[in-house]
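S.K.: Order-wise, the sequence lines are chains A and B. With my numbering applied, the first sequence covers 1 to 294. With my numbering applied, the second sequence covers 1 to 334.
Quick caveat, the hints were computed from the structure, so don't treat them as lab data. There are no misleading hints in this set.
Distance windows between CB atoms, simulated:
1. R245(A) / L304(B): 19 to 29 Å
2. N82(A) / R144(B): 43 to 53 Å
3. G33(B) / R245(A): 22 to 32 Å
4. E124(A) / A11(B): 54 to 64 Å
5. K220(A) / R5(B): 46 to 56 Å
Everything numeric in this text was worked out from a predicted model, so none of it was measured. Ideal Cβ positions, reconstructed from N, Cα and C, are used throughout, including at glycine.
Spelled out from the first residue to the last, the chains are:
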Amino acid sequence: MCPPLRRTLVLLVLLTSALACARPPSGESEPRASPSRIVSLTPALTEILFAVGAGERVVGVTEYCDYPPEAKTRPKVGGYVNPSVEAVVALRPDLVVVSPGPGNRDAALAMQREGLRVEIVPAETLEESLDAVESVARLCGADERGRALAASVRARLDAVARSVAGRPKVPTLFCLQTTPIIAAGRDTLPAQLLEIAGGRNVVTEPRYPRIGLEAVLASKPELILQSRMDLPAGEAHDEERFWSRWTRIPAVASHRVVVLDASLALRPGPRIADDAEALAAIVHPVVHEEPAAR
Amino acid sequence: MTGWRKPGALAVVVLLSLAAVALAASVGPSELGLRELIAALAGEGDANRRTILIDVRLARALLAGLVGAALSAAGCAYQAVLRNPLADPYILGISGGAALGAVAFDAVAPRAFLEATTGRPAAALAGALCTLVVLFGLTRFRGRTETTALLLTGVVLNAFDSAVIQFFVSTGDPARFQGTLSYLMGAMTSPSWSVLATLAVLCGIGLGALAAQARTLNLLAVGDEEAAQLGVNVERSTWVAVVAASVVTAAAVAFTGIVGFVGLIVPHAMRRLFGPDHRLLVPASAFAGAAMVVLADAAARTLLAPSELPVGVVTAMIGGPFFLVLLMRRLRES
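Okay, chain B solo, but in the shape it has when bound (with noise of 0.2 Å):
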């Protein structure tokens, strides 16, 4: 594609995802459909149809939007800033952390005090940004990081929270986190419009920041050095982007769980459409990746309704196969 057709894509790609939030919450158990949308959104029907379509449906599929666009950005920047194909938005431990805070809180806060609904999230967003702080004091020596060092960091720091967690589950009651563990295989809720708006103000920014990034990203996926004698500060670009992205998914984990795959494979097929600058590729897999989490959330609602699968296996079951094929055409060409 050349010229003025990969914008154009990019508006494809933009329009799919407003589609599949019209789909999403246009379809559910209760029979209720695009035409009823409309007319809910016009502020016409009855009170408890336009709670059904607009607060329940329609706040899940914008959070399911957004948690989308942020795990694909972030995944697309950590494999720039890597240098690794395989990078996905949990590979720093990011993820470890937000479910190590998710556990931590069912296992000891005081139940009075926070409820569930606010405070699990709450703690695992502090998880997980405590765990960036780690990942930010344990790898820079002397002012300088090397990303071999971050990923291997990242990947024990994961393995390190998840046998923290383990410790936690089997020593408590295991009633106390029946909850926290089917919220950490991706729980899409209907959120309050207060924590959708949370969401959407962290998403803002850092998925902002990766925009504004593009540039140094496209340098800094070629290399370090190459990007220096490029004039990029390479310490600090690497850092806005691996916080930018942290706190992208540290905010979708938190609220949801984790979504896998996403933003492993999103970035993938966007690089294979938009090529390999990411001016293009940070909004296209965003909006991608939004389009992706939307359906296969509406799928986990309406697959077995009214009985729902969590979101994370919907993606998992989709999104191991075509990583595969992924794989195997791109083996195939080299």
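Okay, chain A solo, but in the shape it has when bound (with noise of 0.2 Å):
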């Protein structure tokens, strides 16, 4: 590059960035008018500015918002990790929405130098979802339905719980991956929902921790739910072979080892509910039909 050429380049550079410094803040005090053109970041927030009727003010999601099948005709701005900053400016969004995940902290970040209003809300737990409905409900001006949402949602849950109450605790494995194992462990959304529905997680690790096949067989969980978040529901999965062997297991020797449909339970968001109450008709499948025990 010829040196007068890249003067101008460097020039253009730092007066752009000297105009990015100008732009004055989207600032605390001013009072701000209901968001119109949405971007959400995380296909958990998609799910639930559809749920609480802001769905026609969503113009952007990522790659993997997926739910209800609308959000899919939205424009993309990447994917769940690797958000594209300009895809998103382009959209000259005036609300992003992002829960903090792997990798989307930088674009978050570079989104709001860009002069953006970037929300950050948290939606990992069973809690944060529920807190998530109401949250992003109040940044688009529908709280009431937010708080309806919510109330639903939570009513539902106590529902499954009211269920399975009585019913003896069923020691299950939430197992997301088989080689290496990594399953759900404390106090996480799989977890959380799986006691819902009348389980007891086996992993007594918080998060996701690997083990082995050795920490498997002495916990002798009755059940296995085996999950996958890449594929399809229907689609063949080997992970049944992977536990045919091991027929010391309870699950595997009673044959209960359940492939669960694609993001069933692990999806944080309104569909929470429907999780748990899939789950419920899972642990305690003859809940109604079985004679009262003993």
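Grab the two chains, each in its own frame, and use the hints to assemble them into the complex.
M.R.: As structure tokens, this is what we get:
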């Protein structure tokens, strides 16, 4: 590159950054109108936006925002872990919502530097999911619907818990992948939903630990819930064959290795009530037919 | 050490590796120890215990042992043939090819038809062997192979493979690759006995070939010209050693991902103990490497039990500082 051109470029870059600095920051004090162009960088938040009636105003989503089906028609701004700052800026949103996730921090900060209003809404655990419903609704001026939706999700979760109350807790392994084995640990969303559904998580470590077969054998799960985040429902799962070797695991011996539909109980958001109901049907399949035990 | 002492030391290393396997099979999160292990081997005790002790722990310890032996002997051979003390089993791009095979499998394989537990290792093995063919095609000119060309080609192949892996991973669904990435960091599992037998056969052939080449390795380690003057068919011997070392590396990487540092430090340590004679060095490296990976995996299973660490993390944490100490000693001596 010849020197004068390079100098011009440097000058241009300096000028634009100076302009960026000069732009007034989106102050906390000024009253905000309800946003009309919303970009969601997290699938769970996309679900919430549509569920509280703000779907019409969603102008950009990630490639993984696949629910509700209508969300798939929105322009894509990149993946969950690597959203494109440029694509988001080009959509001229007046609100960007994002949950802290692996690798999206830098992108979110860059969007903020570009003057966008970026709201960070944690949505990982059960409580966070419920809070996220209300806070996302509040952010787009639908407070009332948010509260109502959160309340109905909560009520449905309570109903699931009641329906299995008094049943013996089924020791369960919620397994996310098999080579190596990674399972849902204490206080994670899958474990919380499992417990509501009348199961007892055999993994006591926090988060998503990598565990050995010996630990699985020693904890004697009577049910293995095998999830696959990467597969749509109905596709063949080789995990069943992985477990079939270990007939000393009670769940394997009694043929209670259940392969879950993709993302069941893994995605925080308004559908967790559906997830809890589906899990309860798996954990206590005969809850209505079984004669009162003993 | 002179005379009978070195074979004696070799016997000690062999015993140590056996002891390592016994120790590894006696520790684990479920509090079953050596006594239960012996009972289980004798066919006593309840079936659940036998499953834990034999199918879970012992099978895994044997897998770790085979992988350690393979990597360490391969490193020893590469260091001799390439005349480079920094050569390790991964230097010729074999690991990169295996990793690429595994990632490509997870990215595009039709799930219904191959399972990850055997399909991924098979793809990794295929990737590693393809790399070997490419290496052979690229580095042989007019019937001759320059070891420098071999080394450089290997380094570039590794870099290229990792770029393609990055491409797959950054354009694909990250959820699809979660298993792959932890697999590549060194994923020791409890293998089925048929997997173990497959690996044992591959390693047996490769390690046997290397042991049989030990005298030639001694000459190649001095220099190609010197070896040729002493009647060695340098071209042929180089490739026999490279192919044998690559096959065992490929088999190891295919089943357990990348377990770093073993193939680098164990041959160095054994060279200090046994001197430069490959007739002792190859078997000593194999057994000491087995012991190291078996113990590292036992640590990986138990340190944070019931959570597990990737075994590659443990070998690197031990291997890195250990290699630096070896290096410092050598610098001080020279």
